[in-house]
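Chain by chain, the residues run as shown.
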Amino acid sequence: MDIASGMLHGFYVALQPTNLLWCFFGCFLGTVVGILPGLGPAATISLLLPLTFKMDAAGGIIMMAGIYYGAKYGGSTTSILLNIPGESSSVVTCIDGYQMARKGRAGAALGIAAIASFIAGTVGVVLLTLMAPPIAAFALSFSSPEYFSLMVLGLALVVLLSGTSLVKGLLALLVGLWLTAIGVDIFSAQARFIFGQQTLLGGIDFTIVAIGVFALGEVLSSIDGGEESKMLPVPRGLRNLLPTWQDMKDCRFAFLNGSVVGFIIGVLPGAGGTIASFISYGLEKAVSKHPEKFGTGVVEGVAAPEGANNADTGGALIPLLTLGIPGGSSTAILLSALIIWGVHPGPLMMTESPDVFWGLVASMYIGNIMLLILNLPMVPAFAQILRMPVYVLFPFIFGISIVGVYGTTGRMFDLGLLAGFGFLGYMMGKLKFPTAPLILGFVLGDSMERALRQSMMMYGGDFTALFHRPITATMLVLAGIVLILPLITYFNRVRVQAVAEGGEA
Amino acid sequence: MKRRSLLAGTAALVVSAAFAPAFAQWQPTQPLELVVHGGPGSGNDVMARQLTTIIEQEKLSPVRVQVSNRVGGGSTTAAAYMASKKGDSNTIAVFTIVWVTDPLTQEAATNKLNDLTPITRLIEEPALIVVRADSPYKTLADFVKAAKEKPGQLKQSGGSITSRDNILRQLIMKQAGANWVFVPFPGGGERIAAILGGHTDIMITDPSETGEQVRAGKLKVLAQVGKERLQTFKDIPTLKEAGFDFQDIPQTRGIVGPPGMPPEAVKYYEDFFEKLRKTAGWKKFLADNQLLGVDEKSAESKKFLVTYEDMLRVVLKDAGAKVVR
Chain A
1 MDIASGMLHG
11 FYVALQPTNL
21 LWCFFGCFLG
31 TVVGILPGLG
41 PAATISLLLP
51 LTFKMDAAGG
61 IIMMAGIYYG
71 AKYGGSTTSI
81 LLNIPGESSS
91 VVTCIDGYQM
101 ARKGRAGAAL
111 GIAAIASFIA
121 GTVGVVLLTL
131 MAPPIAAFAL
141 SFSSPEYFSL
151 MVLGLALVVL
161 LSGTSLVKGL
171 LALLVGLWLT
181 AIGVDIFSAQ
191 ARFIFGQQTL
201 LGGIDFTIVA
211 IGVFALGEVL
221 SSIDGGEESK
231 MLPVPRGLRN
241 LLPTWQDMKD
251 CRFAFLNGSV
261 VGFIIGVLPG
271 AGGTIASFIS
281 YGLEKAVSKH
291 PEKFGTGVVE
301 GVAAPEGANN
311 ADTGGALIPL
321 LTLGIPGGSS
331 TAILLSALII
341 WGVHPGPLMM
351 TESPDVFWGL
361 VASMYIGNIM
371 LLILNLPMVP
381 AFAQILRMPV
391 YVLFPFIFGI
401 SIVGVYGTTG
411 RMFDLGLLAG
421 FGFLGYMMGK
431 LKFPTAPLIL
441 GFVLGDSMER
451 ALRQSMMMYG
461 GDFTALFHRP
471 ITATMLVLAG
481 IVLILPLITY
491 FNRVRVQAVA
501 EGGEA
Chain B
1001 MKRRSLLAGT
1011 AALVVSAAFA
1021 PAFAQWQPTQ
1031 PLELVVHGGP
1041 GSGNDVMARQ
1051 LTTIIEQEKL
1061 SPVRVQVSNR
1071 VGGGSTTAAA
1081 YMASKKGDSN
1091 TIAVFTIVWV
1101 TDPLTQEAAT
1111 NKLNDLTPIT
1121 RLIEEPALIV
1131 VRADSPYKTL
1141 ADFVKAAKEK
1151 PGQLKQSGGS
1161 ITSRDNILRQ
1171 LIMKQAGANW
1181 VFVPFPGGGE
1191 RIAAILGGHT
1201 DIMITDPSET
1211 GEQVRAGKLK
1221 VLAQVGKERL
1231 QTFKDIPTLK
1241 EAGFDFQDIP
1251 QTRGIVGPPG
1261 MPPEAVKYYE
1271 DFFEKLRKTA
1281 GWKKFLADNQ
1291 LLGVDEKSAE
1301 SKKFLVTYED
1311 MLRVVLKDAG
1321 AKVVR
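Chains as they are written, first to last, in the working numbering: chain A, 1 to 505; chain B, 1001 to 1325.
Do not take every clue at face value.
As the list claims (entries may be wrong) - Capping the alpha-carbon separation at 25 Å, the derived lysine to any residue pairs in SDA-like fashion look like this: (1) B/Lys1322 / A/Phe193; (2) B/Lys1240 / B/Lys1085; (3) B/Lys1303 / B/Lys1284; (4) A/Lys54 / B/Gln1066; (5) B/Lys1220 / A/Asp56; (6) B/Lys1284 / A/Pro395; (7) B/Lys1155 / A/Ala57; (8) B/Lys1234 / B/Lys1085.
Read the hints as simulated data drawn from the structure, not as lab findings.
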């Protein structure tokens, strides 16, 4: 079946009334799950799995996938409004999203997040439709050395994320790298830095670090800064709650960047939406005309990562649907679900179960439109949350954070950790340490260490072998340039200053 | 005729009356908690949720069965939770091989599987030894020969060094006197991507994980691990048939209760899972996932796990893991 007739058939399947209903149900549920921190799409799909045993495969996968990509729309809501990342892929959205909310632009941030999600999500599906098999082959050519260099490039962007002080940024990064090393190492089966704590054997859950450092740290700083009596500004009138044309124009490149970066990284098994969102944010900042404004509430800082984590969906489905390889936890459950419904996800699925394959792809076009329609009208409603007086809002944030963490892991110990990370976030704010590099180090560190050790095992410990691989070499060189650039501008400034002073004398 | 059945009936009554005090009936009094050590969506979680669906559909249990995820530190959080449930027979857990390896290799993992109450073993998982379809190796012996010729050059993609893939590698290498590299990847998808992309040379996997790749002609199977050949892979030799004859350490899953579970509760669960094994739903689950059903009661399971642990201890040491117990 070629692409055109495949899509025709796909829309025939996806437009069946029951399947439309399943698609809507999945998207709606996904949005809700995305908004609630702690309950992720993987957990939701797994909880619903027993209810779907009797469903037909096309309807089932259309609904389950709806939850998966719907959650990415919802994830930005709490990031922007409360600085609580709803999903790990929405952590970066906090950086500029929450600052926008504090300036009274919560509605614009939520709106641009929904629009970026829609654009990039749709671009992801288009690319999935048109080039699934060749892209899958490209994904397989990626191996540990390429992953390692990708992570190095990501970390090099830390320099750009770190704001004013390079040293403080690097220190925060190191703490993140250390935190991610906690737990049992699969290469040696040895526990690292667990301090005799059984619960630390599995490492620290990402949500605890992110919610603690961002949400609680921010609330503590605000209280310390005497903000108890103030209310966050929320403009009146629907028009003032939505993004302006200027916002849309500012985000032109961010939409493209998010779509492309998100899709490419999504295709790689073992990378995922969180990494995609970080890298596209870093890229956006690197090419921006006003990089210094990032972190103070620029609209591109919301559009790029939110786009990236949605384009990631289209990419991540490629290895799953064309090779039977799940890249992350959500796609792994979609795979088991397909098996339960009697479909064999793998290289033969496209030809043996065209209903499922093309039906799903077509439903994602419809689902993305549904999500935009679902999410945009909710923007003004959600923005009203900020009308709450601060003495209600802050306890509310604490409550949601605690429920979110306990809901994820179910352990009291982790609430202690949450408090600890909240305090850490507060202290970092007080001492003017940027928090984003810590989170980035935590997200990338684990995969980066693994990729490096895998590469070394593959090449018998020969580091130079990495430079014989073109993609790896290119990315490592790029990372080098990113690291050296600020130094050059620094020296230039010093020289210009020296020349200027010399001229005066 | 009539009289005989009447007699038999009376005899049965007498017998059951005589045994009643020894086997006081135990029944769950509140919803059963079925503990799994993986988070929602992990392999064991999906299995546990399928189990509860079968139990509900067949109305096997007088009370509801709820899956409860006790995640953290491999199996250690779940095992510690089970240990804390001493005296509560309404809580049972799904155990897997990591419940044995974690206490062996982690100082902090203090609750050994055999200190809890193993109730039954349900499953043994077969495995396939696969290479890329265009690989020069036609048999496992070919691969081993190549590995001997260039020691440390060939690569196997797998999971943690305490996982079954690495244990089998150790056993094969030991018998053949060969040596190749083991590259750990945390996710199953990454492992398959590595071999499909030609970055590694061999892989030991679940049939459910790579069966489709084999069917599509992307991977080929050199040998299968298990007592007998799987229906789907009738033409593939088992390890033993391929000339690699050693005591296998099978991947296994079963049900365990809290420490010191009273015999009548153990009996209840043994009967319960006996009924489960007979259901069509369970048979479909095994077939869908290409698993082998095991029928073992508590005493046999315990005995199995004792020898299992002893074997693992030796193999893990060979594999380079630090064994602490």
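Structure-based check of each hint:
1. With a C-alpha separation of about 16 Å, the suggested pair lysine 1322 of chain B and phenylalanine 193 of chain A falls inside the 25 Å cut-off, and the hint holds.
2. Pair hint lysine 1240 of chain B plus lysine 1085 of chain B does not hold up; C-alpha atoms about 42 Å apart against a cutoff of 25 Å.
3. With a CA separation close to 29 Å, the supplied pair lysine 1303 of chain B and lysine 1284 of chain B exceeds the 25 Å bound.
4. For the hint pairing lysine 54 of chain A with glutamine 1066 of chain B, the CA-to-CA distance comes to about 20 Å; that is within 25 Å, so the pair holds.
5. The straight-line distance between the Cα atoms of lysine 1220 of chain B and aspartate 56 of chain A is roughly 31 Å, outside the 25 Å bound, and the hint therefore fails.
6. At most 25 Å may separate the alpha-carbon atoms for a hinted pair to count; lysine 1284 of chain B and proline 395 of chain A exceed this at roughly 50 Å.
7. Straight-line distance between C-alpha atoms of lysine 1155 of chain B and alanine 57 of chain A comes to about 37 Å, which puts the hinted pair past the 25 Å bound.
8. Taking the CA atoms of lysine 1234 of chain B and lysine 1085 of chain B, the gap is about 45 Å. The hint is violated against a cut of 25 Å.
This entry does not satisfy hints 2, 3, 5, 6, 7, 8, going by the numbered hints stated previously.
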